[in-house]
Amino acid sequence: MVEQTPWWGGLLLPLVLVVFALAAASFDSVLAAKAAGAPRDFARPLRSAAGLLVQQRRGTLAADSLLWRAGGVALLIAAVLASAATPLGDWVVGDMSVGVVWFNAMEVVAWAAVWLVGWGANSAFGLVAGYRFVAQGLAYELPHMFALITAAVGAGSLRIGDIVAAQDGLWFVVWMPVAFVVYLLSVLGMAFFRPFDQATGADAAGGVLAELSGVDRLVFVAGRWLLLVSGAAMAVPLFLGGGHGPLLPGWTWSLVKTAAVLALLVWAGRRFPTIRVDRLQEIAWMVLIPATLLQALFVSVVVVWG
Amino acid sequence: MIPVWRDVLFWVCAVLAVVTGIAVFRVDSMARATFALLASFVFAAGTVMLLDLPYLGVLVILMMIMEMVVMAVFMIMYMMNPAGLMPMTMVHNPKGSLAIAVGTFVLLATGVLLVPWPSSQAPKPEDPTMQLGEALMGDKMLVMIVLGLALFATMVATVVLATHRGRYDRYGDRLERKRPQDPSRGGLGR
Amino acid sequence: MSLQAFLLLASALFSVGLYGALSQQSIVMIMMGVELMVNAVIVGAAAFWFHTSPDRPDGQVIVLLAVTAMAIEMAVGFAVTTAIFRSRDVDMTDMAADLKG
Numbered sequence: 001m002v003e004q005t006p007w008w009g010g011l012l013l014p015l016v017l018v019v020f021a022l023a024a025a026s027f028d029s030v031l032a033a034k035a036a037g038a039p040r041d042f043a044r045p046l047r048s049a050a051g052l053l054v055q056q057r058r059g060t061l062a063a064d065s066l067l068w069r070a071g072g073v074a075l076l077i078a079a080v081l082a083s084a085a086t087p088l089g090d091w092v093v094g095d096m097s098v099g100v101v102w103f104n105a106m107e108v109v110a111w112a113a114v115w116l117v118g119w120g121a122n123s124a125f126g127l128v129a130g131y132r133f134v135a136q137g138l139a140y141e142l143p144h145m146f147a148l149i150t151a152a153v154g155a156g157s158l159r160i161g162d163i164v165a166a167q168d169g170l171w172f173v174v175w176m177p178v179a180f181v182v183y184l185l186s187v188l189g190m191a192f193f194r195p196f197d198q199a200t201g202a203d204a205a206g207g208v209l210a211e212l213s214g215v216d217r218l219v220f221v222a223g224r225w226l227l228l229v230s231g232a233a234m235a236v237p238l239f240l241g242g243g244h245g246p247l248l249p250g251w252t253w254s255l256v257k258t259a260a261v262l263a264l265l266v267w268a269g270r271r272f273p274t275i276r277v278d279r280l281q282e283i284a285w286m287v288l289i290p291a292t293l294l295q296a297l298f299v300s301v302v303v304v305w306g
Numbered sequence: 001m002i003p004v005w006r007d008v009l010f011w012v013c014a015v016l017a018v019v020t021g022i023a024v025f026r027v028d029s030m031a032r033a034t035f036a037l038l039a040s041f042v043f044a045a046g047t048v049m050l051l052d053l054p055y056l057g058v059l060v061i062l063m064m065i066m067e068m069v070v071m072a073v074f075m076i077m078y079m080m081n082p083a084g085l086m087p088m089t090m091v092h093n094p095k096g097s098l099a100i101a102v103g104t105f106v107l108l109a110t111g112v113l114l115v116p117w118p119s120s121q122a123p124k125p126e127d128p129t130m131q132l133g134e135a136l137m138g139d140k141m142l143v144m145i146v147l148g149l150a151l152f153a154t155m156v157a158t159v160v161l162a163t164h165r166g167r168y169d170r171y172g173d174r175l176e177r178k179r180p181q182d183p184s185r186g187g188l189g190r
Numbered sequence: 001m002s003l004q005a006f007l008l009l010a011s012a013l014f015s016v017g018l019y020g021a022l023s024q025q026s027i028v029m030i031m032m033g034v035e036l037m038v039n040a041v042i043v044g045a046a047a048f049w050f051h052t053s054p055d056r057p058d059g060q061v062i063v064l065l066a067v068t069a070m071a072i073e074m075a076v077g078f079a080v081t082t083a084i085f086r087s088r089d090v091d092m093t094d095m096a097a098d099l100k101g
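Chains as they are written, first to last, in our numbering: chain A, 1 to 306; chain B, 1 to 190; chain C, 1 to 101.
Extracted from the complex, chain A is given alone in its bound form:
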């Protein structure tokens, strides 16, 4: 059964997330190199992180430094806190009775964080990109919430541990495939990762990243990768049975499944072209929301009559 770790579990959590984020970034750079026909470059994320650490910070005229920095730091902290309720096998840092809502609240911080980073630089590109992300949030957030609710309804609880326990026999992905797919899409959306990366699009000179440099940029980019990892990790207890699996201990299964989901997301990011926010908007409201609502209805009917 899922149990709360002692306090030092909270110190280990960021480490695990960072290892995953580095691995994902490394995989991403290998994919990019492969597409470009260049030699494989596993260490690029580490090298660019080190480069950003020693780079001098650039400023802009009349920047709102307080909000600018606050945005990056908030993204980083929220990305770590979002995983506080995610169990690794049988261990969880914070065994909250409202774990699903907690995760949702922490990933919504990205809305504020990305907008603040876009606003703070006092740059037109950043501001445009910040607005783009808010619009994207309006597109992905509701389908995302319905996907989360579907898993909670299936287990009859908002506690992540109960959701894992409810998948003892049958993983939720089997009878909630729509919610699972929508959840993965929204994870890409919330981490403004390709193909939902208009907020950092090249057509806006890098968008919110346009004026970020040095440590600020490192904090923000790291927060984005950690958010992607947190989202991928939460897919495991919600839909993929958490630590359930044959032979191996629970924590290994959690790690393996998280790595698989993360690899799938990174691969999908390299595979599909960027989708514009205004196009995503209609797809989200006309297709994804009705689909998730039907999925939630189906699950509710099964739960009540099953």
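Hints are computed from structural coordinates only; laboratory data are not their basis. Watch out, some of these pointers could steer you wrong.
Claimed, not checked - Part of the chain C face toward chain B, derived, beta carbon under 10 Å:
| # | residue |
| --- | --- |
| 1 | Q4 |
| 2 | S26 |
| 3 | M29 |
| 4 | E35 |
| 5 | N39 |
| 6 | T93 |
For each residue, glycine too, the CB sits at the ideal point set by N, CA and C.
Using the hints provided, position chains B and C relative to the given structure of chain A.
Relative to the frame of chain A, chains B and C by itself:
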């Protein structure tokens, strides 16, 4: 948690909630005002969580982040000095308002301190979230229905008020177009 | 963590919000003041639930009601602001004084 820590946490959250609340009307930049308000909500939600109401506390945080980001967008859209680069005040009757506000606080605080408030020895529910959910789906169902209707009416009313393009702009004067004519096409090609 | 402490916090938040709602000219800033006042309702209702009737769900339901009221208030407020801004380029209450009736 040790009771002392709960007290300390409460007072920290309470003071910060009021301070950031005051900051909303003191800072020049609209973005800062909005996010000061967000901070005030988050600290107030912190005190709610100390009252064994984790669901409502997290819900307030979740909703307020989304609401304040949307608010920031509108603030900057409509204010004449959004970035606060030039200090300016947009107030009327600040002294009278301050007097009324302080008077209200003194009145309320006197009442708070003088009234002998009842206290309950009733057992706390094991899971307050379950209590709320069962009430909303049970004997408080009418509240939930009215809230749902009100939200739906709000959606319709706000769209009617805010949009400047009706169906005749989209489908033509005789509604003869098969596909609406919109400034930008959505992702489904409609 | 006594009931009085929570009610003091709620009174302070309410008064700050009242000051904002009375003194500000911009419609958006007035709405911020109103939101702070509703925030006070949330804190007060939660405290009453905890201290006077934790066995009944009424306090929690009021918090939920206040949160919804906040969302509705903001949505309608911005819709009205958008409408009035579009028709006469106004974002301050003093310039729309002829709407009173």
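We went through each hint and held it up to the structure:
The criterion of a C-beta within 10 Å of any C-beta in chain B is met by Q4 (chain C), whose closest approach is roughly 6 Å, and the hint holds. Interface hint status for S26 (chain C): upheld, as the beta-carbon distance to the closest one in chain B is roughly 5 Å, under 10 Å. A distance limit of 10 Å between C-beta atoms decides the matter here; for M29 (chain C) the minimum to chain B is near 7 Å, and the interface restraint holds. Among the interface hints, the one on E35 (chain C) holds; its C-beta lies about 7 Å from the nearest C-beta in chain B, closer than the 10 Å criterion.
For N39 (chain C), the interface hint holds, since its Cβ comes within 10 Å of a Cβ in chain B; the closest pair sits about 5 Å apart. With a least beta-carbon distance of about 8 Å to chain B, the hint placing T93 (chain C) at the interface is held under the 10 Å criterion.
Going down the numbered hints, you'll see the structure goes against none, and every one checks out.
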